[in-house]
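A.B. asks: Dock chains B and C against the given chain A, drawing on the hints supplied.
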Amino acid sequence: MQTKIVSKNFEIPHANTMEVALQNGRYSSLGKLFSHTPQEVIDIIKASNLRGKGGGGAPAGAKWQLASDYEGKKYLVVNADESEPGTFKDRQIISKDPHLLIEGIISTCYAIGSNTSYVYVRGEYEEFSDILQASIDEAYAKNFLGQSAKYPVEITVHRGAGAYICGEKSALLESLEGNRGHPRLKPSSPEPEFYFGEPTLVNNVETIASVPFIIENGAEAYTAYGTDCSSGTLLFAISGHVEKPGVYEAEFGVSMWEYIEKLGGGVKGGKKLKAVIPGGASTPILPAHLVMEAKLDYENLKSLGSALGTGGMIVLDEDASMVKVLKNLLRFYHHESCGQCTPCREGTSWVDKTLDKFIAKTATKKDLEVLKLVSKSMNGQTICVFAPAASGVIDGFLKHFEAEFLECIK
Amino acid sequence: MSFSFNDENSLKIEHLAKRYPHKKALLLPLLWLAQKQEGFISDEAMTRISEISQMPFMHIYSVATFYTMFKLQKKSKRVVEVCRTLSCELSGSEAIKKHLLENHSDTYEIVEVECMGACGGAPMCTLEGKYIENVTPQMLDEVLNAN
Amino acid sequence: MKIIVDNVPIECKEGERLIDVMLNNGVEIPHFCYQQDLGMDGNCRMCMVEIKGAKRPQIACNTFVCEGLEASTKSKSINAVNRSILELELLNHPVDCPICDQAGECKLQDYYMSYGLYDSHLTTPKTKKGKHIELGSGVVLDQERCVLCTRCVRFTSNITKTGELGIIGRGDSSRVAVACGHELNNPYALNVVELCPVGALTSKDFRFKQRVWFLDSAKSICHGCSRGCNIFIDYNETKYTKESIYRFRSRRNKQINKSFLCDFGRLSYKELNEKVISTPLPMEILKDLFKSEKKVAMVSPSMSLQQLQSVQIFCKNHEIELFSLPYIDESFGDDWLKTNDKSTNFAGVKELNISVNQDDFENSLENANLIINFDHTLLKEREIKDKKVIHFTTTNIKIPSEAVFAIANFAHESGTLINCDGIRQEFYTTKYKNEVPTLRELLKRRP
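Residue numbers (my numbering), protein chains in the order written: chain A, 1 to 410; chain B, 1 to 147; chain C, 1 to 447.
Bound conformation, chain A alone (with noise of 0.2 Å):
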């Protein structure tokens, strides 16, 4: 069930190191690459339907090219922010194959015109960006960057220090300029990412490291895989009640609760199913009969109210307490809330005091109407998607369990 694209080379020993990553294919597709000329790339990329693999599934070549457009200086910045709860997949593709990552941002950077790339990994992975800063080193050895490689690259790893919302692109900006890692407003038509003013193209570690494979087989041998609408695979992970946690690459489209069964060895201590977060704690909730209709591809979650997300299933077996769950996930919007606006300041921090109530069971029905009041209010209401998400964790919730939160009321 699973198909291994980036995946690849994860279960190789030492793939991390220059010579082992070498001996299995990496930079092998540079020649390829240089063969092109960087329109023709993005009209590779184009033509595969790589979408990015952060969770918002916005088709990649669009975006290369917006970037691409624009004269002079230009920045390529990965993000390696891997905050969203369930989600675990970027750090191994830094940890195990760092060197497919490094090749990817060469690609990416020749195909847009940039020189400078910078990869933002969240400060918790310190041992991981220190491997991707030696692979680096390697790479500048090799000739593969800097100044006397084919294409002059410059990769700096910069150290993000503990703040979920920088993993917002615009929030990961601010940071890398030195900021608070605020969200900036939206522009009203479609342009590039600003770093420093500079045009600037953001996409996850998983987006820029399967572009080698696109470049050195072709766009079809993508589409080939997935379905018409979600091309290619996605690193799924799986978490919370299950036998075998972990990452595991499969085709967009398979069957979700094939997955869970297969490839995360089924409902831990074979207990039933209650329900599982699609793609990262952002994600509605499905209840366990819509799982069982779930594809892994980004329209048909949407078409189910959900969404593809990241693709970290967490999944809550029968015992599981959806108070505790959504209090839990409050909580932790609560506390990575940036303080900016005042709809996610104030509503998230509202509707996690108001779950303690529900946990206390002292919960009247006025608590329950706030949390629907307060779920509309976070709603469409500001600056970035953080609030909007949370309000459509809370509305899934009581969407498919109120019954669980209406006997929390004394």
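Since the hints were made in silico from the structure, they are not lab data. Model, not experiment: these values are computed from the prediction. One thing to keep in mind: the hints can contain errors.
Restraint ranges, calculated between C-beta atoms of paired labels, are given here [what the hints assert, rightly or not]:
hint	chain 1	residue 1	chain 2	residue 2	range
1	C	8	A	292	53 to 61 Å
2	C	330	B	36	46 to 54 Å
3	B	6	C	95	49 to 57 Å
4	C	96	A	380	29 to 37 Å
5	C	96	B	146	52 to 60 Å
Calculated Cβ distances over 12 Å to all of chain B for the following chain C residues [what the hints assert, rightly or not]:
hint	residue
6	25
7	35
8	234
9	358
Below are the BS3-like pairs computed for lysine-lysine, each with C-alpha atoms no more than 30 Å apart in a straight line [unchecked claim]:
hint	chain 1	residue 1	chain 2	residue 2
10	A	302	A	272
11	C	52	A	376
12	A	357	B	98
13	A	8	B	98
Glycine residues also receive a C-beta, built at the ideal position from the N, C-alpha and C atoms.
C.D. replies: Positioned in the frame of chain A, the structure of chains B and C alone reads:
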């Protein structure tokens, strides 16, 4: 009392400065280096960082308080973090926390943190920043008593 | 170009901010973080409007007008949005209006009356933050009243570039602060009090002195230097004392001071409350004095054109040589509002061709027996031996003099001033009649 970066770090800073288009972008790297050097980020260190990055002191302070990993107070004990977010909670992080508080809080500072991106290895802890995954009370006893 | 706001066509320029168009045309649009002279930040989410064709409500401060744009601020659905945001702004607010100095000019109060009027949904404890924090320069912070609009922070980082204020912490524990061991300390610090739309920042100088609804305002010009910053004089006639001036506030003038004042100018209102003691001579003696003596006069370059003209006519009629010297203080000016020339109307003095030659003045002074000083600071401090000095003054004179005639200060007279950039501006008197006569009244009466 004044603060200055040691020779090794000064060299790193010199090298880093060339990698960013503006001095301001050095802020997070500088805060990390200061924390590495002293174990926490003192006012004096922030004053020095303010000089190097050419930003007002308040900006440094404001940024430092935004990120949870920057410590502005000197620690008296070594830190064990316990992740409390969903996958870890589902896998028993509450019991782990209880065990740590009951048995190791004299030697270690026990801190709850949000998702560390190790949900596949839940429940998880860190010891001085180093990940320990799939932890059990027995395993923690061994690791913490040995260190 | 025209856009439609609440079904009314409004003339505007392509690319203007919708909120500016609204504010300039008197459309009521609730907002905290936007301030015309600080610019846009977009954090408060209070200025949400409905735009025809847009999926979601948009913030007016980040919407740029284009031909055919139709916006609504009054529909039921948008008012529900405004109310939901307002409820969140007010959620952890202590609602301590009875003891809050901002009451009466607080945006939270105003908007609650316009968009709120709901029963609180709060069933959990409020977030506690710091109270009565002295930031420096006489500014006091109450973090619980703060809506985190960051106007004050943006003022110190973008306008004065002194950067003393910042947000610390994050999420709902974010708060405005100065760093430990540092303080708010710049010559424009008190602007943050005026910029604060709520009761979070108050001025030690003004707080608890007077409820703002008792105050009247007169449109005036600051007399602190030659910049001519536009101000409101806020004053009140209390029960047992005569009228008192409580503060200066900036009066927006895009060309001159925008929405700002320097602290020196802002606090210069205090001089206006001084009760000046007259020690006039009997009329007969005064007449004799005027007939027999060699006379020279000095007039303050901070007087209005109208006052200067009366003085000029008076001096001409009595054959008195008239001078005016500017108040130069090289240590005062900066590269923003403050100018080294602390006289308010030196350009007016020059326009009226009043002699400004210091050497000529010193010569005339040498030869004169009688010196008439029309409120010039220099002569109020300079003791001149063996000469008789008559003062017409707005402040008390501490040196020996022949006669002192108290005259009304600029709060009690209207007039015209020309500022350092040649801009001619009017200022207006407060409503209450001062017991002290104006200079012009006095000159009509006297000898």
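A.B. asks: Take the hints in turn and mark each one as holding or not.
C.D. replies: Results of checking the hints against the structure:
no.: 1; hint: C:8 / A:292: 53 to 61 Å; in the structure: holds, 56 Å
no.: 2; hint: C:330 / B:36: 46 to 54 Å; in the structure: holds, 49 Å
no.: 3; hint: B:6 / C:95: 49 to 57 Å; in the structure: holds, 52 Å
no.: 4; hint: C:96 / A:380: 29 to 37 Å; in the structure: holds, 32 Å
no.: 5; hint: C:96 / B:146: 52 to 60 Å; in the structure: holds, 55 Å
no.: 6; hint: 25; in the structure: holds, 37 Å
no.: 7; hint: 35; in the structure: holds, 20 Å
no.: 8; hint: 234; in the structure: holds, 31 Å
no.: 9; hint: 358; in the structure: holds, 43 Å
no.: 10; hint: A:302 / A:272; in the structure: holds, 25 Å
no.: 11; hint: C:52 / A:376; in the structure: holds, 21 Å
no.: 12; hint: A:357 / B:98; in the structure: holds, 22 Å
no.: 13; hint: A:8 / B:98; in the structure: violated, 40 Å
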